[in-house]
Amino acid sequence: MNAGDALFLFFSLALVLSALMVVLSPNAVVSALYLVLVFLFTAGLYILLQAFFLALLQVLVYAGAIMVLFLFVMMVLDLRKPCRWWDGNLPALMGGPLVGLAFGAAVWATLRRTVWPEATSETLFRGDLAAVVTPLFSRFLLPVEIIALLLLVATIGVVVLTRREDHP
Amino acid sequence: MWTDPAILEWIFILVKIIVIFGLVLSIVPYTVLAERRICAWIQDRVGPNRVGFQGLLQPIADALKLMLKEDMLSNHVHKVVFTLAPALVFMPSLMVLAVIPWGSAIGPMTCVLSDMNAGMLFALAVASFSVYGIALAGWASNSKYPFLGGMRSAAQMISYEVCLGLSLVPLFMQTGSLNLSAIVEYQTQHGWLMLYHPVACFIFITSLFAECNRTPFDLPEAEQELVSGYNIEYSSLKFGLFFLGEYANMLVASALVTTLFLGGWSLPFAPFNAPATVIWVGLAHVGIFVAKVCAMLFLFIWVRWTVPRFRYDQLMALGWKVFFPLALVNIVVVAVIMACRANL
Numbered sequence: 001m002n003a004g005d006a007l008f009l010f011f012s013l014a015l016v017l018s019a020l021m022v023v024l025s026p027n028a029v030v031s032a033l034y035l036v037l038v039f040l041f042t043a044g045l046y047i048l049l050q051a052f053f054l055a056l057l058q059v060l061v062y063a064g065a066i067m068v069l070f071l072f073v074m075m076v077l078d079l080r081k082p083c084r085w086w087d088g089n090l091p092a093l094m095g096g097p098l099v100g101l102a103f104g105a106a107v108w109a110t111l112r113r114t115v116w117p118e119a120t121s122e123t124l125f126r127g128d129l130a131a132v133v134t135p136l137f138s139r140f141l142l143p144v145e146i147i148a149l150l151l152l153v154a155t156i157g158v159v160v161l162t163r164r165e166d167h168p
Numbered sequence: 001m002w003t004d005p006a007i008l009e010w011i012f013i014l015v016k017i018i019v020i021f022g023l024v025l026s027i028v029p030y031t032v033l034a035e036r037r038i039c040a041w042i043q044d045r046v047g048p049n050r051v052g053f054q055g056l057l058q059p060i061a062d063a064l065k066l067m068l069k070e071d072m073l074s075n076h077v078h079k080v081v082f083t084l085a086p087a088l089v090f091m092p093s094l095m096v097l098a099v100i101p102w103g104s105a106i107g108p109m110t111c112v113l114s115d116m117n118a119g120m121l122f123a124l125a126v127a128s129f130s131v132y133g134i135a136l137a138g139w140a141s142n143s144k145y146p147f148l149g150g151m152r153s154a155a156q157m158i159s160y161e162v163c164l165g166l167s168l169v170p171l172f173m174q175t176g177s178l179n180l181s182a183i184v185e186y187q188t189q190h191g192w193l194m195l196y197h198p199v200a201c202f203i204f205i206t207s208l209f210a211e212c213n214r215t216p217f218d219l220p221e222a223e224q225e226l227v228s229g230y231n232i233e234y235s236s237l238k239f240g241l242f243f244l245g246e247y248a249n250m251l252v253a254s255a256l257v258t259t260l261f262l263g264g265w266s267l268p269f270a271p272f273n274a275p276a277t278v279i280w281v282g283l284a285h286v287g288i289f290v291a292k293v294c295a296m297l298f299l300f301i302w303v304r305w306t307v308p309r310f311r312y313d314q315l316m317a318l319g320w321k322v323f324f325p326l327a328l329v330n331i332v333v334v335a336v337i338m339a340c341r342a343n344l
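As given, the protein sequences belong to chains A and B, one line each in that order. Every letter in the first sequence is one number past the one before it in our numbering, and letter 11, counting from 1, is 11. Every letter in the second sequence is one number past the one before it in our numbering, and letter 43, counting from 1, is 43.
Keep in mind that the hints were calculated from the coordinates and are not lab data. Here the structure is a predicted model, which means the values were calculated and not measured. Even glycine gets a Cβ: it sits at the ideal position worked out from N, Cα and C. Some hints here could point you the wrong way.
To spell it out: a stretch of chain A is covered by chain B in this simulated footprint if at least three of its residues, at any positions, have a beta carbon under 8 Å from a beta carbon of chain B; those stretches are [claimed, not checked]:
no.	segment
1	24-36
2	54-68
The calculated SDA-like cross-link candidates involving lysine to any residue, where the alpha carbons are at most 25 Å apart (straight line), are [stated by the list, open to error]:
no.	chain 1	residue 1	chain 2	residue 2
3	B	Lys79	A	Val76
4	B	Lys321	A	Leu152
5	B	Lys65	B	Phe239
6	B	Lys321	B	Ile232
7	B	Lys144	B	His76
8	B	Lys321	A	Ala14
9	B	Lys65	B	Ser236
10	B	Lys144	B	Ala87
11	B	Lys321	A	Leu149
12	B	Lys321	A	Ala106
13	B	Lys79	A	Ala14
14	B	Lys69	B	Pro48
15	B	Lys69	B	Ile42
16	B	Lys79	A	Met74
17	B	Lys69	A	Leu152
18	B	Lys69	B	Lys144
19	B	Lys321	A	Val158
20	B	Lys321	B	Lys79
21	B	Lys321	A	Leu151
22	B	Lys321	A	Leu150
23	B	Lys321	B	Pro216
Restraint-style ranges between C-beta atoms, simulated for each label pair [said to hold, decoys possible]:
no.	chain 1	residue 1	chain 2	residue 2	range
24	A	Phe140	B	Ile60	56 to 66 Å
25	A	Phe140	B	Ile337	20 to 30 Å
26	B	Leu299	A	Ser138	36 to 46 Å
27	A	Ser12	B	Ala6	26 to 36 Å
Chain A extracted, bound-state conformation:
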């Protein structure tokens, strides 16, 4: 086993453990912290795949921005009462593992059938921004613009929906 394999094993095991703890932890804020760990370990896996840029974006956007907002909202909500996973009702306790198993089976079936492409050249993602960004501004320009518009619509929608009427 070389260093790369060892690191892969470490990152993936840690990732699965943290993901489990997200669900099992009784405290919502601690769950969110485990989710941050999940994002960090995912970034580690990206780095092992030479995708430095993707890893940095993963940390910057998910761990650095989105999870901070999540935490912010959770702290404002002030969830004092711990909710343990064994407190749930029976259908939820039975249904959860069932859905998980079904999803796992679906993923496994897809993976078995996939024909994997040859490994891409390592230089493509080596922290090289131009290689990642140029397609976004040429080949995939239209989808990027449409997604941007969609996000703008969603933002405006949230602002409109949460706006409080000042005059009765």
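With chain A fixed as given, assemble chain B onto it according to the hints.
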């Protein structure tokens, strides 16, 4: 054996790590002393001048005092998160220093720990983590004032992070790189970027003040309303780590401004405007970098004791209604100018 390139590489990495740690741990305590002396000078007082010559041993006395205090841990705190939070404030600043070039080259050794292509992106990604430390300290303390401080800090840092990133876009457009070493090299040839992008420089430095929770944006620890904000429940070395973290963040912010806008290790005349080929120039480059960082630290302190604190709504309005549009307009203006120069 010593000349084996692979082993030499490891030795260089070790030396660089030691230098970075040494710089942080020697500059930070003396920044605290400088802050107290300069504050006293601005307020026409004397300041701490009793311990050692002109108070030079004061930081050591302070550190000893902090270490000897009792480490209190109240019953109502969330113990793990409470203990983790101070480290989370201090750690990101050390990690950012890994990508900052603090000199050109000393002999065969380049003076940057990790010459990453997406260096600035790494710096922003890691720096975005320091908000966790403060927000979690506020939450884990399970007490009103720290909680308010933590919330304020989270809202403030999220808001100003946006301006921080956007204000740098014109720089990247001009230099065509996110690699901090490349940005410094560009400045050695074309002059300091502060002269090209004064607006970006102003937005960046002001946002850094907000990110470091320094006056005029020190709302997370506003003494008059929150006693001392997110760190009330902390004592002993945990408090010391917060203190160290705050000043280390300031140091990193100064290093970033120096690297991005003030030409890094270079001076605009020979032999300091090109990567060093002889050792004494290399050492001089490190000295120039440290001098510029110290000048920035002085600016931080100067502003803190000159400008009064903003009100919370003013802070948010400044971030979202002034700096955010200004940064966007700045990007468009620079893009138009660059397009005109390329085509005319």
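Against the structure, the hints:
{"no.": "1", "hint": "24-36", "in the structure": "holds (count 5)"}
{"no.": "2", "hint": "54-68", "in the structure": "holds (count 8)"}
{"no.": "3", "hint": "Lys79(B) <-> Val76(A)", "in the structure": "holds, 20 Å"}
{"no.": "4", "hint": "Lys321(B) <-> Leu152(A)", "in the structure": "holds, 18 Å"}
{"no.": "5", "hint": "Lys65(B) <-> Phe239(B)", "in the structure": "holds, 12 Å"}
{"no.": "6", "hint": "Lys321(B) <-> Ile232(B)", "in the structure": "violated, 32 Å"}
{"no.": "7", "hint": "Lys144(B) <-> His76(B)", "in the structure": "holds, 12 Å"}
{"no.": "8", "hint": "Lys321(B) <-> Ala14(A)", "in the structure": "violated, 42 Å"}
{"no.": "9", "hint": "Lys65(B) <-> Ser236(B)", "in the structure": "holds, 8 Å"}
{"no.": "10", "hint": "Lys144(B) <-> Ala87(B)", "in the structure": "holds, 22 Å"}
{"no.": "11", "hint": "Lys321(B) <-> Leu149(A)", "in the structure": "holds, 21 Å"}
{"no.": "12", "hint": "Lys321(B) <-> Ala106(A)", "in the structure": "violated, 48 Å"}
{"no.": "13", "hint": "Lys79(B) <-> Ala14(A)", "in the structure": "holds, 22 Å"}
{"no.": "14", "hint": "Lys69(B) <-> Pro48(B)", "in the structure": "holds, 21 Å"}
{"no.": "15", "hint": "Lys69(B) <-> Ile42(B)", "in the structure": "violated, 31 Å"}
{"no.": "16", "hint": "Lys79(B) <-> Met74(A)", "in the structure": "holds, 19 Å"}
{"no.": "17", "hint": "Lys69(B) <-> Leu152(A)", "in the structure": "violated, 52 Å"}
{"no.": "18", "hint": "Lys69(B) <-> Lys144(B)", "in the structure": "holds, 24 Å"}
{"no.": "19", "hint": "Lys321(B) <-> Val158(A)", "in the structure": "holds, 19 Å"}
{"no.": "20", "hint": "Lys321(B) <-> Lys79(B)", "in the structure": "violated, 39 Å"}
{"no.": "21", "hint": "Lys321(B) <-> Leu151(A)", "in the structure": "holds, 20 Å"}
{"no.": "22", "hint": "Lys321(B) <-> Leu150(A)", "in the structure": "holds, 23 Å"}
{"no.": "23", "hint": "Lys321(B) <-> Pro216(B)", "in the structure": "holds, 18 Å"}
{"no.": "24", "hint": "Phe140(A) <-> Ile60(B): 56 to 66 Å", "in the structure": "holds, 58 Å"}
{"no.": "25", "hint": "Phe140(A) <-> Ile337(B): 20 to 30 Å", "in the structure": "holds, 28 Å"}
{"no.": "26", "hint": "Leu299(B) <-> Ser138(A): 36 to 46 Å", "in the structure": "holds, 42 Å"}
{"no.": "27", "hint": "Ser12(A) <-> Ala6(B): 26 to 36 Å", "in the structure": "holds, 29 Å"}
Comparing the model with each numbered hint stated earlier shows that hints 6, 8, 12, 15, 17 and 20 do not hold.
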